[in-house]
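There are 6 protein chains.
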Amino acid sequence: MIFRVDRLQIALDKPPKPDPDGAAAVQELLGGRFGEMSTLNNYMHQSFAFREKERLAPFYDLVASITAEEFGHVELVAHTINLLLADTAFPMHPTKGPMEANKLARNSQHFIVGGPGHLVQDSLGRPWLGDYVFCSGNLVLDLLHNFFLESGARTHKHRVYQMTTNPTARTMIGYLMIRGGVHQASYAKALEEVTGVNMTKMLPLPNIKDDEIPEAKKWMEQGSHLRLYRFSPDDFRHLEAIWHGTATWADGVELEVGEGTPEGAAAKPMAESPTRFAPQYQTEEIYEIAARLMKDMPKSERKTLKRDRERAA
Amino acid sequence: MIFRVDRLQIALDKPPKPDPDGAAAVQELLGGRFGEMSTLNNYMHQSFAFREKERLAPFYDLVASITAEEFGHVELVAHTINLLLADTAFPMHPTKGPMEANKLARNSQHFIVGGPGHLVQDSLGRPWLGDYVFCSGNLVLDLLHNFFLESGARTHKHRVYQMTTNPTARTMIGYLMIRGGVHQASYAKALEEVTGVNMTKMLPLPNIKDDEIPEAKKWMEQGSHLRLYRFSPDDFRHLEAIWHGTATWADGVELEVGEGTPEGAAAKPMAESPTRFAPQYQTEEIYEIAARLMKDMPKSERKTLKRDRERAA
Amino acid sequence: MIFRVDRLQIALDKPPKPDPDGAAAVQELLGGRFGEMSTLNNYMHQSFAFREKERLAPFYDLVASITAEEFGHVELVAHTINLLLADTAFPMHPTKGPMEANKLARNSQHFIVGGPGHLVQDSLGRPWLGDYVFCSGNLVLDLLHNFFLESGARTHKHRVYQMTTNPTARTMIGYLMIRGGVHQASYAKALEEVTGVNMTKMLPLPNIKDDEIPEAKKWMEQGSHLRLYRFSPDDFRHLEAIWHGTATWADGVELEVGEGTPEGAAAKPMAESPTRFAPQYQTEEIYEIAARLMKDMPKSERKTLKRDRERAA
Amino acid sequence: MIFRVDRLQIALDKPPKPDPDGAAAVQELLGGRFGEMSTLNNYMHQSFAFREKERLAPFYDLVASITAEEFGHVELVAHTINLLLADTAFPMHPTKGPMEANKLARNSQHFIVGGPGHLVQDSLGRPWLGDYVFCSGNLVLDLLHNFFLESGARTHKHRVYQMTTNPTARTMIGYLMIRGGVHQASYAKALEEVTGVNMTKMLPLPNIKDDEIPEAKKWMEQGSHLRLYRFSPDDFRHLEAIWHGTATWADGVELEVGEGTPEGAAAKPMAESPTRFAPQYQTEEIYEIAARLMKDMPKSERKTLKRDRERAA
Amino acid sequence: MIFRVDRLQIALDKPPKPDPDGAAAVQELLGGRFGEMSTLNNYMHQSFAFREKERLAPFYDLVASITAEEFGHVELVAHTINLLLADTAFPMHPTKGPMEANKLARNSQHFIVGGPGHLVQDSLGRPWLGDYVFCSGNLVLDLLHNFFLESGARTHKHRVYQMTTNPTARTMIGYLMIRGGVHQASYAKALEEVTGVNMTKMLPLPNIKDDEIPEAKKWMEQGSHLRLYRFSPDDFRHLEAIWHGTATWADGVELEVGEGTPEGAAAKPMAESPTRFAPQYQTEEIYEIAARLMKDMPKSERKTLKRDRERAA
Amino acid sequence: MIFRVDRLQIALDKPPKPDPDGAAAVQELLGGRFGEMSTLNNYMHQSFAFREKERLAPFYDLVASITAEEFGHVELVAHTINLLLADTAFPMHPTKGPMEANKLARNSQHFIVGGPGHLVQDSLGRPWLGDYVFCSGNLVLDLLHNFFLESGARTHKHRVYQMTTNPTARTMIGYLMIRGGVHQASYAKALEEVTGVNMTKMLPLPNIKDDEIPEAKKWMEQGSHLRLYRFSPDDFRHLEAIWHGTATWADGVELEVGEGTPEGAAAKPMAESPTRFAPQYQTEEIYEIAARLMKDMPKSERKTLKRDRERAA
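Residue numbers (the working numbering), protein chains in the order written: chain V, 1 to 313; chain H, 1 to 313; chain C, 1 to 313; chain P, 1 to 313; chain G, 1 to 313; chain U, 1 to 313.
All clues given are correct.
Each pair may be met inside one copy or between any two copies, as identical chains are not told apart.
In silico DSS-like links for lysine-lysine, alpha-carbon gap of 30 angstroms or less:
#	residue 1	residue 2
1	K53	K17
2	K53	K96
3	K217	K14
4	K218	K96
5	K268	K17
6	K217	K96
7	K53	K201
Note that these hints are calculated values from the structure, not bench results. Nothing here was measured: the structure is a model prediction, and the numbers come from that model.
Make a model of the complete structure from these sequences and hints.
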């Protein structure tokens, strides 16, 4: 089971101008074979199928808790795509062709199907597939797969980074380079323990130092590259069994386990697209319905809400 | 972001004997177009793409919090399949053909690819697809889709129930009938609010009373059919805006919002399959490595662990 | 545009007992690459894309009118599958497992998804694909494709025939062998005209005489193998330009063009499956609603209906 | 079975200039999950699988007759795409690169595979799938699906309309908005009858009045939005059982059932593309063959043809 | 470019009786994600895309020459499937249902599509996909992928081995365990050279000694596990740069490079299936045509043929 | 089995400037339904499944030896795509966006996944599928398929030729027009022998004379259109049984069988892309490792190498 917290792992701003072709490229990091849907679902399903999870707790806890972080990665990539697609329609009457420019965009379904919005696809508009999940039940093989998967994911992040200078996309990618690097290293360390093979010597893979990328370096300076988060109130207590010692592949500083989640940031509310209900869409009417529903909520609950708002202020 | 809790929503036992063809049928509820991967990902991605989430909080909170429950549903179905596949290999030397019986099983990849274990596929062995996610950005249309999706999911649960008398499968299906029914009703109520159309009158759809199914009735007696869980420590405070009043489609009793998650149950550890590393697999060696790693964990953490175990006891 | 006539091309009876694995095999003839969905859609889309249809009328008319017959072929195969799936559920309470036997059936989605019913899939449960349509815009190439498609389709019919002795399946296959043979020959003749290559000499392909198959021979005796139907009240007047002369590949008798459609037969109404709304499904209630709706229909129309019934009697 | 009539539902003209990227976008309305291939095949296969069609005649007749109209919708969208692709090749020698501009077009298979011509794909070039057909055998669920499908289809039409100002595309879309709206309303009314839920109150969905769109308004003025066509000489006599009363969702005027088909218009013959047989393609030779074949047709038939031409004049 | 030699890598006999379900399982080793089509195409396409192949000759030669061996592996698996499918049709008249038993077989397309024969599918009948090819252009990542691919392939071979006791299937699998093991080790050694990570310590993976499997042990006794073949008359001269030293993961004996190909064996001619042309198929007529064609071949060539036969004798 | 020769069938040069959209179009000739992956795999798998190959040697030898040539065709198309993608990244620091221009390219996976490099996809980025292989076991039907496949492949080559004036692409296409034409004619001749139908009269199909295309004409002048290569040191001795006589479809000159392979040309080494390991990629370090490995190779082998180099000089 999971608890959900309505925050992003990092703050993301709307880019200065719409970038639909950038959005199309970033889809690879969401729904491609090496995208975040793949990391989320690989670890999630491996944890569901794990055998002997008590006797193999250090390994189970690793896979199970990283699953939780990956949920937030999918969330970050999806928000990035949606921010890049913001304002792609002009607020004009449908007969004027408010989305005509998007006829040339690389992913037309962002507009026709998504409204506009992200899709569960790769950069060519092909759907994410359940077949991208590898779950063999052989511990060494699954760890080797996970190390390979993170290495491919890191490669794709570097390539998309080089294809776009969009600041929102790069902010997201820089952060995920660091976090993906932590996961890559943790699977390398797990493999080292179970096989005796010095996998961390393969890092960084691809062979690019994170501190060359300003958007990644920023997080290194806060030690994010050394920290594996537990993402659980009470469980996965054996992360330290594997995640300890020094980061020989980075700067040789001490690794650490972080309780809970990163602090994160609230997602900035996204405005309604003028194209969704156009022409003369009655969203105002729906806002009023929602406002009335909130006003009429049972009392006891309203109190909690007030407290909640104060805390957020 | 999410926190993960290492518990299942309900307890599941290993069935009296292996049931690989039952496992193949149950896959439809995991990776089919109307399976739990679809409910999880539809609500997850709709919540990631939600516009005006503050002004439309009652609707956003509904979709976002149900996402969290669906994670646990995928978990339940996956565990069920793995329990049905337990002991499908005989503990004999490979040359004897310990999995020969499985050559006739309906899903051969359960054994060749899964080891044995569940896959992210439907009952015909076809992968779950990102295209099963519908996220149009039109609130009414998305709610209508969700109501339709839950109705199809409920139909498929009833049909798989009628195809298997396996007690583990039926325990899981009975619970998900109730929980899926709550989600179906909550989308019906949301549609009622936003459109004025009396959707709850369509319930139950399909037209089967839950109390006819013993494995579902059991949860009705505990009021589970009236309760929508928040699945969040602090967020999604407006569930009550929509989920209140009486369940006219059921027994007319008062609806309620539950804080946190259901209590749930620990998953029973699954034993290693003799086929995974056979022949003469050194899992013992791996267990020893894991035991040593746990013993050598940094001190501060071991204390926490001890406390943890006491609490669990 | 089309008019629809609510009759099957031939009469089909329910087989003596359910045959779910036969139904799974017959799916190849509906949704396989060489199934009737492929013949229907190839000719339909080729006719939609046809250039210079007036100057090339003999060829256009051929492709366009065969399209219409193929609609009825899909209809026949679908009905066959549904008849083979009839009575696959026992009329018992869901808790008893009325569809338990179907857990072992080759196509589990016939039951979970179809209720039971046919699907737009091949014999392995894979969906029919738009990519099966070949429409190059090169007349010779398209005719060559169509000849090849019909040859593959005929081969698959012979193989499915040899895999089942189910009388309903064989009645349908026998008829389609004859009709598919007419289409195969008509594309061969069209190729002969346009290229001068004596394609009809390749017939029969595969090299099996239709009169060896009793279910096909029956239709030869009625001359069905010599007749190309126009399937249109006023259009496609140039079928005779290609479809004339003697059937050198068969018995050397004169070819003919039939106006309209074959006489056909009414489909026998299929009874509701007890599993669809079970348990305690209120289909009776729906029947009553339908009866009331029919009774309350505007008067002028009821008269027509009466006439209609008399004619049918 | 069907009869085919060689007319389009409405007249379509060649646009002033080629529009290959518009053609790529319009493909979504042909082969996308919510395109016309989906509406055609859903109703077609549901009608083939319908149980108790006599006792449930009002519902069967609805689904079965709308099938026939959808054939003509696929035809209209296909013709539109082909008109947008007309003249995309320059009449020059192959060595000059007569299709070089199309290297940048969004759907390269329009040219390489189609010659140029439409494909059975969506706007991203992915094939239409048999899995888009939903046919559960549960009447309420199937009607709910059909209402949802038409709502999604209508949404996509509005979005493609806003992405193109091409007059041919908009002429087609405007007409299909009206006709799709009739189908959407007819399923809403059927659901109202069978469940008592006031579904028509959800219309228009999406919330856009058709008379805001000039290309749609034109058909409202002719009452097309009130008329459900029977598309059959003798069958489907119970459409009036559901399709009667006033269009509360539109202008409150009386609904009506139209016999037969709309009058329609002849498709303008499309000229041969110079790229198809280039270089030095002998289409002239083929035209001569065709002319000879028509001249040599059996006499009795030529008479009919003459009559036919007079009637058309 | 390649030369083709009409021999199998090892001799294969027809099994004592038909084994269609075994054939279905073995398909995983041909067309599954980790099957031989994947190893062939991964190395083939990586070698086509290789950059700096002169400066990186030891690595290029490895990938390029292993490609050639994999062609022969696909050949072996295909022949195995075809041998398991031999005699699955009874030599009786079609009306008797000579393939009726196959209606229950797990892969119905083996019979309907293949005639019977192998297909380019996995064990669930899903097609091999070009997406199974990984070719990133990053040498370390591609080698890591190849090591992982061979490890997965080896795992699947062990599992299929445990699912069948069919001697033909096991003969093939035993040989491919050894040869796949050589490829796995060669990629491990290449990774060792380029990264300094002691990958061979991970072997055997999965942790099963080949000499436990009699069908594999037989080839170890001939030293096959130590030998990498060049599969080229003149090229790929740097295999020894990586493939030298002792096999620390096996028995510590010296590695060696074999010139050319293994000696191999002629494939036993497979007899015509009685179902292919049935009924009354004129294969005899085709044999006569072929005999005449061979007799009438130009003289100079017949001489060569004679010599060829003597050599083979 | 095969031997591999490290040469291309013809020389290919890098085009004057990068052409990523041309590369995307050329993918159709590699991974499309009618691309070279399809010709390679159809003939390869047909030869693996061939029955009675001794009695039907003229037909078996034809299919088996053409397989070998097709390997080289896939190689040529892949090299062409890679040459068109060369230099698509600017040698600048990643933060500058060295691949930003490629964000607009039609196939973004060429860069993100391929690095850049070709993929096993068609021109829309969809993977090649094992389902493109047709292997029915009916000799006439398989030959008819192969003739149709080559005709479609030739059509697509002509269309891609007309979409690009890139000299590298056209050099490759011109050669493959000739070689594909030889294969098309050889299947036509085989069909003539086995059925008596004068298939070669259909040539050229499409109706374009090869000598109109300068890049094809060049090879005709060398007689390439008359020559079928054996591609085997000792096998496939019966090609002459079918491939003899005069090329009535071309210029009436005598057909001939070529021993071995065409002479071919060495592939020009492709330089490392600056984007692959960027930033500050240590390829130099890898080159040094490779140089050391070559220097340290066992002596006996170094001698061979020297000889090898002399021969090449």
